[in-house]
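Based on these hints, arrange chains P, V and L on the given structure of chain X.
Chains as they are written, first to last, in numbering that gives the first Met the number 0: chain X, 0 to 81; chain P, 0 to 160; chain V, 0 to 289; chain L, 0 to 762.
In short, the hints are calculated from the structure, not lab data.
Please read these numbers as outputs of a predicted model, since none were measured by experiment.
Even glycine gets a Cβ: it sits at the ideal position worked out from N, Cα and C.
Any given hint could turn out to be false.
Claimed, not checked - Derived coverage of chain P by chain V (criterion: at least 3 residues anywhere in the stretch with Cβ under 8 angstroms from a Cβ of chain V; other residues may be distant):
1. 51-57
2. 122-133
Unchecked claim - Computed far set for chain L versus chain V, every beta-carbon distance over 10 angstroms:
3. 17
4. 23
5. 92
6. 153
7. 233
8. 399
As the list claims (entries may be wrong) - Simulated pairs of lysine-lysine, DSSO-like, Cα-Cα distance not exceeding 27 angstroms:
9. 743(L) / 320(L)
10. 180(L) / 320(L)
11. 414(L) / 743(L)
12. 513(L) / 259(V)
13. 555(L) / 585(L)
14. 422(L) / 67(X)
15. 583(L) / 555(L)
16. 36(L) / 85(P)
17. 85(P) / 513(L)
18. 743(L) / 754(L)
19. 18(L) / 555(L)
20. 259(V) / 754(L)
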Amino acid sequence: MIHVVAACSSCRAFTGDATQFAVEADTVRRMIDELDRRYPGFGDHIRRRMAIAIDGEIHQDALFAPLKADSEVCLIPRIGGG
Amino acid sequence: MSKRQHISAVVNGDPVEFLTDPRATLLDALRDDLGLTGSKEGCGSGDCGACSVILDGRLVCSCLVLAVEAEGRRVETIEGLADGSKLHPLQQKFLEHAALQCGFCTPGLLVAAKALLDANPNPTESEARYWLAGNLCRCTGYDKIIRAVMDAAAELRQETV
Amino acid sequence: MSEVDFIAPTSPEQAARALLAGGATARPLGGGTDLLVQLRSGRLPPGLIVDIKRIPEAIGIRQEAGGFVIGAATPGITLSEHAALGQAWPGVVEGANLIGSTQVQGRASMAGNLCNASPAADSVPALVAARATCLIVGPEGRRTAPVESIAVAPGRTSLAPGEFVLEILLPPRPARSADAYLRMIPRTEMDIAVVGAGVNLTLDANGVISDAHVALGAVGPTVILATEAAAAIIGSKLDDEALARLDAAARAVCRPISDKRGTSEFRTKIAGVLARRAAVIAYGRAEKTA
Amino acid sequence: MSDVLDRPAAAPLDDGHLKVVGTRPIRPDGADKVTGKAAYGADLALPGMLVGRIKRSPHPHARIVSIDTRRARALPGVKAIVTAADFPDLASEEYEAGESAANLRDLSLNVMARHTALYDGHAVAAVAATSSAIADEAIALITVEYEVLPHVVEVEAAMAPDAPVLHAHMFTEGLAARPDKPSNIAKRNAITRGDLAAAFAEADVIVEDRYVTAAVHQGYIEPHACVASYAADGQCQVWSSSQGQFMIRTYCAKVLDLEASDIRVTPAEIGGGFGGKTTVYLEPVALALSRQSGAPVKLVMTRDEVFRASGPTSASVMHVKLGARSDGTIIAADVVLKFQSGAFPGSPVGAASMTALACYDIPNFSIVGYDVVTNTPKVAAYRAPGAPISAFAVESAVDDLARRLGMDPIALREKNAVRDGVKASYGPTFRNIGYVETLEAIREHPHYAAPLGPNQGRGVAVGFWFNVGGESTAAVNLNEDGSAVVISGNPDIGGSRASMAMMAAEVLGLPIEKVRPIVADTASIGFSMLTGGSRTTFATGMAVTQAAQKIVEDLKRRGALLMDVPVDQVDFVNGAVVCLDPAKGKADLTVAELAEKAAQTGGPIGAQVSLNAQGAGPGFGVHVCDVEVDPETGHVTVLRYTAAQDVGKAIHPSYVEGQIQGGVAQGVGWALNEEYIFDRGGRMENAGFLDYRVPVASDLPMIDTVMVEVANPRHPFGAKGVGEVPIVPPLAAVANAVRGAIGKRMTSLPLSPPKIRAAIDAG
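Extracted from the complex, chain X is given alone in its bound form (with noise of 0.2 angstroms):
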């Protein structure tokens, strides 16, 4: 079971008051997928919005990054620079 931090307040528009979620998926692609089903309009959120945080490593473009069985994931807004 991976575990699923939303600190960022743009996606409590999907899922209201929750912010951890536990998701049963061995890549992003599939556990974006079960956000999407449990909240619906979050998994495209997420694909244009957000990066993701994989145990501490921000990945800009993860879809299909391999998850361990107790993955901590983050998602975060993303991320430019000068």
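Here is chains P, V and L on its own, set in the frame of chain X:
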């Protein structure tokens, strides 16, 4: 259309002639008429120094000189600083000290530093900073530029720092 | 297409005739560090540009009748290279050398600074405090006028059509006297003065100030000759009380605006501070000349 | 080839034996740049080229009633005039190409106003003519009829319920319920943890203040410039000074509804960007003018246009409240950030929120950010976008907390420092960070113990930036003499050619002089994200390293062939293939020898790697600054400055130092003097380098740097991004030093002399 004027001048030791609009600046003439694009336009108002050239021995902003004023004058630009393919010590020191990042302000800084060392071969750090205060650099924080200028000055005096 | 033309006469009279014929948009060109910026920004419509730098009297520094004659187009850097001028009028040279960068110093002249008629002109307060005058050439001939009479409002001068300043004249420097100029800017270089203060004073044999002139820049529509501020230190040895009087008197004459470079309140305070500090420097210099 | 997406962490290439990485060779593009030969955007001239000019709105907010171009068109020498009517009216769509996702409609409307001018300087029309004088004349002959609308510049004024609304279709995102009327607040965003109210109730000491910062500009010395050519067959070429040729290609294609494949963008040398050249302003306009005229068109901004019409970074109003136990443990933080985004949404308030508390391990916090549109230029990225702003507020508050607690400011930060394994305030868990080491570096530095004189103060502040990786392509080709060429798709803004060549030289065992780097156009190298986010040395460097490693593998195969031994019996050492079995008596084969025999062993030797680099290590900086304040004038002199930073591994230490020094200088300018000043009519009053006061050489001391190297295991040489972090701490470091010097907390930037004098006088 304003009447264009014929100008003869000496640029980097070579005689040049060009036709120019009376409102064109020396910088315009250097870049557009003579193809000397080493002098840069960063502001057009004398506030950044990227267009620095030496006019009759005086350091000036070429954006604040009319091209027509160059009649009969001597102009030295960045393109004349090296001796053929041999870099001037200032140029060499700028490279060794990594005194440039984007490089856009570099030609103006080198011309200004050349004028400094011509006038004062042994400047203090403070003198160098004030002399070069008219040359904005946004990349380096000036630290390595000042070091390069001081080192070049020492080399030109045949000392080592 | 708007017309612009350029000539470079070699005599003052030719220049005056050309300026008169050129009408309202004709301008004399000295160093051009203000003129070119104004032309480019569109603040000044293009017209006739009369380059005065090929007129022999307009360039260089000459010692005459115990004083100094400075050609109108003499660049600032020439002033700093002139040892005798720096000895006699250190404040005037300081003011001129604060105009812009080294590059600008290679072009900008005190007369240009004066005729640009900016209340913040760095070279003007020291000139006013020095009681300098101008030699003006025009279609009607030549005349002299005090420096402070040139600017009448920001950007406006008392010069008649066709007139231009050919020379600036500094009077002979009495014994035991000196001047100083200070300005306030947020950076260390490359700024327009938020406030400027020039002080010129003379000491008697006992170190008492026998004559003084104080001029303040950027605290009114034109540079202010602050006679009350000068009076506040005449007769003193510039003790703390005299300095406090000077500070107050300098502030009292200020009528500054608030703008992007500083608030009215700040300018007024700083005028007092700089007048005081410039007076201390001038006093120290005057003592050393004794 | 594609990188494996989740490549396991590799040990950095052995540091102990590095021959090139970590040295300070002369940059390969240096000679061109010190002789004036390097060609920047405005330096290019093409046969038949026209000069373009842009007409800009003089009003901060106005409906465009009509644009009459007839008189301008009649002027001899005018070859093209475009307005918004010549651009497709794009739908609102988020698109990822530049610094972060951009809304294509907003991007297009910023390039050319359609119905409404939203800021002073907003482009409304453009011309191309045979000379600049004619182009100027034509601009003056275009008549625009405006209906002037009420405008708003200040961020809190724009948030007020009765403020003039910029976009009638914009409703605040991120609220619990959809609002019933449009607002200038584009978005509300919150990051929270723990129980804030309970934590404040438990706190022994609470500090709280309101902070204000002004909009500031990146201030690159080179104005935006490009040349564009649209051919009769629809093939387009653009030469442009930007931070990414692929970004220019994408945005031109989108804004003009062209195929990306029909556009070839060649990067000119770039004269500074700092994030400001991560979007388009001129290029689509130049292409549209070229399409209409059939001739190449050059567009170059004046400095006035750069200030008025390119993107500065946000002005802000912030509130910070911190609660701590008496032992210095910070247990609660309440942060509110209101950021001005300019005419369209998209301020860096998100990154500002995520970085605000990133240096601290705090159990209870709330960070709320507002993205607010105003009648000012649309903001663009500026070096660690948003982070210096929120750091100014938080680091000022932490400084106040240290004073209240009577604690040393470094000790307070160490006590609350994030470490490996700590969950960052913005979500993920930190690994391989060097923050504590960086704090220690400053604490142990002689600067930190040096005595101070009267009217002098010392300030400490810390800063954080994520750093990013992303998509990069690089190719390495061996020449027949054994030298190499490194080709990348990232404009070299501060010395990246040098670091690319060095990493390739290291892997190939070649002296640096034998490796020449070039930056290629969009048709000559695969896609790369732009140069920004401190990603180039990390991500593109990774591609270069992997391409060189592929060549090494190829050289081993070829060497084994020539030696007639199995490939597992050779190794690559010091630029030569060697046989591992000395008994076989095989002479080493150098790269040059292998290159010379390439035809016999399979043909030319080269490799290209495309990857999407992950695992850019976050960076931390700790700065200490000494100032002296003239109590009578309020003038601040920066006496001494030392910046320590965890850089992972410095590939070319001189350019790492240069990045740090440059960031510090920009931050000092931001702290002391830089600001956008608007008059009551909403027009910028100081759109020039005279009154927009960036630091000059005499304003600054030497800037001492300390490079802390805590390796990033995800980069082959351990590198972390370095360019962004150094601008984060200086605003607060300077403000904290001023606090020390005058005994008063200054909460509004810039710390200009009038403000300081007023604070002193307030007693």
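Hints versus structure:
no.: 1; hint: 51-57; result: holds (count 3)
no.: 2; hint: 122-133; result: holds (count 5)
no.: 3; hint: 17; result: 41 angstroms, holds
no.: 4; hint: 23; result: 30 angstroms, holds
no.: 5; hint: 92; result: 39 angstroms, holds
no.: 6; hint: 153; result: 16 angstroms, holds
no.: 7; hint: 233; result: 35 angstroms, holds
no.: 8; hint: 399; result: 26 angstroms, holds
no.: 9; hint: 743(L) / 320(L); result: 18 angstroms, holds
no.: 10; hint: 180(L) / 320(L); result: 31 angstroms, violated
no.: 11; hint: 414(L) / 743(L); result: 25 angstroms, holds
no.: 12; hint: 513(L) / 259(V); result: 54 angstroms, violated
no.: 13; hint: 555(L) / 585(L); result: 14 angstroms, holds
no.: 14; hint: 422(L) / 67(X); result: 18 angstroms, holds
no.: 15; hint: 583(L) / 555(L); result: 16 angstroms, holds
no.: 16; hint: 36(L) / 85(P); result: 14 angstroms, holds
no.: 17; hint: 85(P) / 513(L); result: 21 angstroms, holds
no.: 18; hint: 743(L) / 754(L); result: 11 angstroms, holds
no.: 19; hint: 18(L) / 555(L); result: 20 angstroms, holds
no.: 20; hint: 259(V) / 754(L); result: 13 angstroms, holds
Hint compliance for this structure: hints 10, 12 are broken, all remaining hints hold.
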